[in-house]
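Q: Guided by the hints, dock chain B onto chain A, whose structure is given.
Below, each chain spelled out in residue letters.
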Amino acid sequence: MTPEALFTASLDEQTIADPAVLLPDRLARAATTALDVPGAGLSYTLLPDRRLPLGASNTMAATAERLQFALGEGPCLSAQRERGTIVADQPMLEARWPVYTHQLTAQTDYRSVIAVPVGGPLSGVAAIDIYSQSARPHPSTLEHTQLIADLIGAALATAITGDPDRFLGAPSSLTTPPVTDRRRVWLAVGHLAAQTNYINTAALARLRALAFGLGLDLETTADRILSGELEPT
Amino acid sequence: MLTDRLLVATLDLLAETGWKSLTIDRAATRATADPIAAHRLYGDVESLAIDALGACRLVQLPAASGTLRGDLVALLRPWQRPPTRDERAATALLGQIGRRPVLLAALHATLRASLEQVAHELCHRPPAPAGMVPNQATIVLDRMLRLLWLDHLTAATDPLTRRQLERLVDSVLHALGLPRVTPTPGGAAA
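Respectively, the protein sequence lines represent chains A and B.
Just so we're on the same page, our numbering is the position in the first sequence counted from 1, plus 277.
Just so we're on the same page, our numbering is the position in the second sequence counted from 1, plus 42.
Bound-form chain A, shown alone (with noise of 0.2 Å):
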């Protein structure tokens, strides 16, 4: 079968075996069948690097996304500053991002990551992130990749004017738990900022810090602060 048609039959898989999956992690999870990768993350980004996780194929995808938020470097961060496509292999990983491919390694298999923005009307908001376990993605991933990118941008387009609305009117598929999660942490890096006349840049800092101090993540850090239990100072 051809990449296209792989990514398309394990959509329609996926869809009939379990229909409360969110539309975004059934796109992961069909970019890894057809370009046969152990991970795929989709994010989107909006305004200016406030990044958003869409859906994983798997934990340990999700996990290699925290990372670069919590991190606040990676090469998904930098491919979407850049608008454009970047793909890392191992040596490029240590040189670019030390501190991420340190945790990465620690934390998943992923070894090389390819990050690339969605084809079609949403190319300039959101993004997949394609890992291997091996230190450079294999050629025939790197060939596909953007064609499955284009299907992706395709289904997002779609589900965005079709989705019944959700948090606040926007389109379900845009608006995942992952997604309220990460708000979650904009809503305590907001909170912070006013609490503390930081510009939101220097809160978000300020969150990390405060994170990697008590050895939490920052979801976590910012549910504490949002209910009181943490008073940042």
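Simulated from the structure, these hints should not be mistaken for laboratory data.
By construction, the Cβ of each residue, glycine as well, lies at the ideal position given by its N, Cα and C atoms.
Hints may be right or wrong, so weigh each one.
Negatives, chain A to chain B, calculated, CB over 12 Å [what the hints assert, rightly or not]:
no. : residue
1   : M278
2   : A282
3   : M369
4   : A488
Cβ-Cβ distance ranges computed for the label pairs, FRET-style [as the list claims (entries may be wrong)]:
no. : chain 1 : residue 1 : chain 2 : residue 2 : range
5   : B       : D93       : A       : T336      : 30 to 36 Å
6   : A       : N335      : B       : R205      : 33 to 39 Å
7   : B       : R205      : A       : E420      : 29 to 35 Å
8   : A       : A383      : B       : S89       : 46 to 52 Å
9   : A       : P509      : B       : Q178      : 41 to 47 Å
A: Below, chain B without anything else, positioned relative to chain A:
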């Protein structure tokens, strides 16, 4: 009027110190109003916050510029300055919607109606966006604007630079199937 003063005081308190410090008594004190009268008007703090939210100006329809791009730039230009009191108050309320569904419903109603109106108006101003029928463009623009406002209010954004504003407008135009103008880092317009 007492109600107006209370609502202004509520928005001030929300913007300055967040939800945690908002009580009817504090709002009354700030409004130099009789707390008993304030409690008579509002049975609980959620009702007060919901009314205050209704008085917020979170979206403003821009004057017609002659192009959709110009209209979108004008719509988002306020985001080039620090967030307003109303935006900071809405952010404070957004932080509570997980625990207080009535606040979610109020935010939903306020934002949804305003953004629907803006999307409809912008897509039906002459000339119509090229390549799309106005109704189709309206739906896409409405969804994009909802996501944008949700993101913006989630942590009232740092002021956008001119370049960031242009990139943002480009992303919205591209989602509508219209060409971007801002050059990509590679050099050519996308």
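Q: Could you see if the CB distance from A383(A) to S89(B) stays within 46 to 52 Å?
A: holds (50 Å)
Q: R205(B) and E420(A), beta-carbon distance inside 29 to 35 Å?
A: Given about 34 Å between the Cβ atoms, the range holds.
Q: If you check the beta carbons of N335(A) and R205(B), does the distance land in 33 to 39 Å?
A: Taking Cβ atoms as reference, N335(A) and R205(B) lie about 37 Å apart, which means the hint holds.
Q: Minimum C-beta separation from M278(A) to chain B exceeding 12 Å: can you confirm that?
A: holds (31 Å)
Q: Is the nearest CB of chain B more than 12 Å from the CB of A282(A)?
A: holds (27 Å)
Q: Given a hint of 30 to 36 Å, does the C-beta separation of D93(B) and T336(A) actually sit inside it?
A: violated (43 Å)
Q: Range first: 41 to 47 Å. Now tell me if the beta carbons of P509(A) and Q178(B) are that far apart.
A: Taking Cβ atoms as reference, P509(A) and Q178(B) lie about 46 Å apart, which means the hint holds.
Q: Confirm or reject the statement that M369(A) sits farther than 12 Å, beta carbon to beta carbon, from all of chain B.
A: Given that every Cβ of chain B is farther than 12 Å from that of M369(A), nearest at about 18 Å, it holds.
Q: Could you check that no beta carbon of chain B comes within 12 Å of the beta carbon of A488(A)?
A: The claim stands: A488(A) keeps its Cβ more than 12 Å from every Cβ of chain B (closest is about 16 Å).
Comparing the model with each earlier hint shows a violation of hint 5 alone; every other hint is respected.
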